[in-house]
Amino acid sequence: MRSDYVLKLLESGERVDGRKMDEFRDIKLETGIIKRAEGSARVKIGKTDVIVGVKMDLGEPFSDIPDMGVLRTGAEFTPIASPDFESGPPGEDATELARVVDRGIRESESIDLEKLCLKEGEKVWTVFVDVHIINHDGNLIDASTLAAFAALKTAKIPKLEKDKIVRDELEKKLPISHEPVTITVGKISDKFLIDLTKEEEEVLDSKLSIAIREDGKVCAMQKSGNLSLKVEDAEKMIDLAIKKSKDIRKFL
Amino acid sequence: MEETREIVIPGEILGDAKENKSSHGTYVEDGEIISKFLGISKKKGDYLSVIPLSGVYVPRREDRVIGFITSVEKVGWVVDINSPWEAFLSLSEAVDEFVDLKKVNITRYFDVGDVIYAQVVDTRRGDIQLSMNTPIARKLRNGVTVKITPSKVPRLIGKEGSMINSIKEKTNTIIRVGQNGVVWISGEKIEKAIKAVKMIDEKSHIFGLTDEISKLLSD
Amino acid sequence: MVMKTKEKLIVKGKRLDGRKPDELREIEMKVGVIPNANGSAQVRFGNTVAIAGVYGPRIAHPRHLQKHDRAILKCRYNMAPFSVEDRARPGPSRRSKEITKVTRLALEPALFLKDYPKTAIEIYIEILQADGSTRVTGINAASLALADAGVPMKDLVVALSGGKIDDTLILDLCGKEDNYSEADIPCALMPRRKEITLLQMDGRLMPEEVKTIIKNVLKAGEEVYKKQKEALKEKYGK
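Heads up: the protein sequence lines correspond to chains A, B and C, in order. Per my numbering, residue 1 is the first one in the first sequence, and the count goes up by one each step. Per my numbering, residue 1 is the first one in the second sequence, and the count goes up by one each step. Per my numbering, residue 1 is the first one in the third sequence, and the count goes up by one each step.
Heads up, a few of these hints could be off.
What the hints assert, rightly or not - Listed next, the in silico DMTMM-like pairs over lysine to aspartate or glutamate satisfying Cα-Cα at most 20 Å (straight line):
{"hint": "1", "chain 1": "C", "residue 1": "Lys194", "chain 2": "B", "residue 2": "Asp30"}
{"hint": "2", "chain 1": "A", "residue 1": "Lys250", "chain 2": "A", "residue 2": "Asp26"}
{"hint": "3", "chain 1": "A", "residue 1": "Lys20", "chain 2": "B", "residue 2": "Glu191"}
{"hint": "4", "chain 1": "B", "residue 1": "Lys43", "chain 2": "B", "residue 2": "Glu29"}
{"hint": "5", "chain 1": "B", "residue 1": "Lys147", "chain 2": "A", "residue 2": "Asp84"}
{"hint": "6", "chain 1": "A", "residue 1": "Lys35", "chain 2": "C", "residue 2": "Asp178"}
{"hint": "7", "chain 1": "C", "residue 1": "Lys97", "chain 2": "A", "residue 2": "Glu86"}
{"hint": "8", "chain 1": "A", "residue 1": "Lys173", "chain 2": "C", "residue 2": "Glu85"}
{"hint": "9", "chain 1": "C", "residue 1": "Lys154", "chain 2": "B", "residue 2": "Glu6"}
{"hint": "10", "chain 1": "B", "residue 1": "Lys203", "chain 2": "A", "residue 2": "Asp17"}
{"hint": "11", "chain 1": "B", "residue 1": "Lys189", "chain 2": "A", "residue 2": "Glu11"}
{"hint": "12", "chain 1": "A", "residue 1": "Lys153", "chain 2": "A", "residue 2": "Asp57"}
The hints are simulated quantities; they were obtained by calculation from the structure and are not laboratory data.
I would like the entire structure built from these sequences, with the hints used as guidance.
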């Protein structure tokens, strides 16, 4: 019943909460909220609520890039966040979210991973970015990427005393060179929408998430939804995402 | 004789069992009547009760509910009534005429996805039985449904229907309210009616709600 | 489990964070923080933060787990990877599985499960920040979330930890105190009925000390109860 209503309203160019097609819900961003973490952020977009914590640890580099620090991104669709999230290891949706957030951060070269190398081939800083969904009302990708990058931007590296981490003493900020922002555009029949709620996501045909760097470069993309996209539509969605990226960027 | 209402929490003592009687939402222990819920305490004569401020719908006999047909069985239909338990509408309670099951497919009466306005006739041990054998019962077509917290239904209806009638008039809609928290709306200014219904759900306990609703409806 | 430290945990009657032995940390409680859940709450004791969400009563799945005459209670205690000093691998650990069980048993006696046959009441607790006494913080959040969800309860459930450091009996252990304590006793109770629903212990104490700590927890539980009551009433503007 509800989905029919969402579609019916869209036919006349209206959304259930009265927003315009390309309008974001209220966005709130708070950083430094998890004291245990080296960096953290909580983002609320409408009722969607996401917390990201950044933790750092010493580890080994990947063998093919022995002089770079390691970035690891995880996401948990905690069962508190939605009646249809179940306990258990991350399913394909949670895994996809983690990898899409990761791609946005990694491909934009936002963190100078070379500066996180302590001893080439042996010891580097590993940066763990963990996304914890608190309430799911759609657009988890945009909210999670914003929270993840805000957490990284405000994160600090702990002091090292003779190869041991002194967690209580945080020193320099993480070396950040670029700032990615991800915008997801949804297509429902012939309309393009920004910031879909959970209800809207349930009736979408296709969606495209685009990660954009501050210099305008597109760094990552992810198409989702089980219908195909016409080429012109994809182009329109890319343009729309780039146009709206400043709505998110102003929070960083 | 009703007295002032107060918000009480689970475990809060409302009165002693010698002078008062325990009613809905309370339990008795050690000679005291205690609240089971976070809710509003009510005293009517000797009866102490608590109306929960939130919570799932627990079907009671004679409740009028709005349900969604979710599956067709041999001799009836399974109905989702926005409750932890599924309900069943048997063929005999839905249709007056004689039905020859060998010739007739009962989907001609109700099919998956249909919305019905029905009455709860039995609630034994989690088996909820519905009936359409009452004049108000019918299939609801061409409308939209909204869910609200079941305990807010009386507020939505208002004293002698004042609140719901006001919404209906000002938005030119037909509205049916199920005691199970499902509201069906059909007509002209559906979006405005939905907004009003949702506002009552979110702000039912706030003083001055009636004015806020009037304002919303006249904009 | 015995970690020794040269550092004194109590100096001139003051603990590491300046508290007196029987003083609780700063407590913050907020109800209704997860819109999708039937009930929810976020609770903070000093730097320990827990958030709980309740779904249900709703139909129990899979069917064979259903009980024909009562609701089943499902519980999950989980720590966010960033909640602890060294990042924790996601997923249940042996510790979190045990805490899940004792948490469920801490809440069950307070519920009227017979009112909801064939259904499940699901409680999910996430620890967002860990600085000692996480399970009791989680139980406080769960109690509020259950009341917020409109689940009928005999009483709220209040939880607090007690223990001993440097020969002194204390209440509400923070992380460091937890690690170096001579004893750590997490406890949960139904305050109005004065009935204990969770009682665990790690350490070495004389029986009299154990009894004293339990009494102290019961008494200090009044303060936690008051905070829970305020948080519930505050949601409705009273």
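Hint-by-hint comparison with the structure:
1. C:Lys194 to B:Asp30: 14 Å, holds
2. A:Lys250 to A:Asp26: 13 Å, holds
3. A:Lys20 to B:Glu191: Given that 20 Å is the threshold and the Cα spacing comes to 15 Å, the pair holds.
4. B:Lys43 to B:Glu29: Measuring from Cα to Cα gives roughly 18 Å; hence the hint holds.
5. B:Lys147 to A:Asp84: Since the Cα atoms of B:Lys147 and A:Asp84 sit roughly 18 Å apart, the hinted pair holds (cutoff 20 Å).
6. A:Lys35 to C:Asp178: 18 Å, holds
7. C:Lys97 to A:Glu86: 16 Å, holds
8. A:Lys173 to C:Glu85: 18 Å, holds
9. C:Lys154 to B:Glu6: Status holds; Cα separation ~19 Å.
10. B:Lys203 to A:Asp17: 17 Å, holds
11. B:Lys189 to A:Glu11: Holds, at about 16 Å.
12. A:Lys153 to A:Asp57: Between A:Lys153 and A:Asp57 the Cα gap is close to 17 Å, so the pair holds against 20 Å.
The structure fails none of the hints (numbered hints given earlier).
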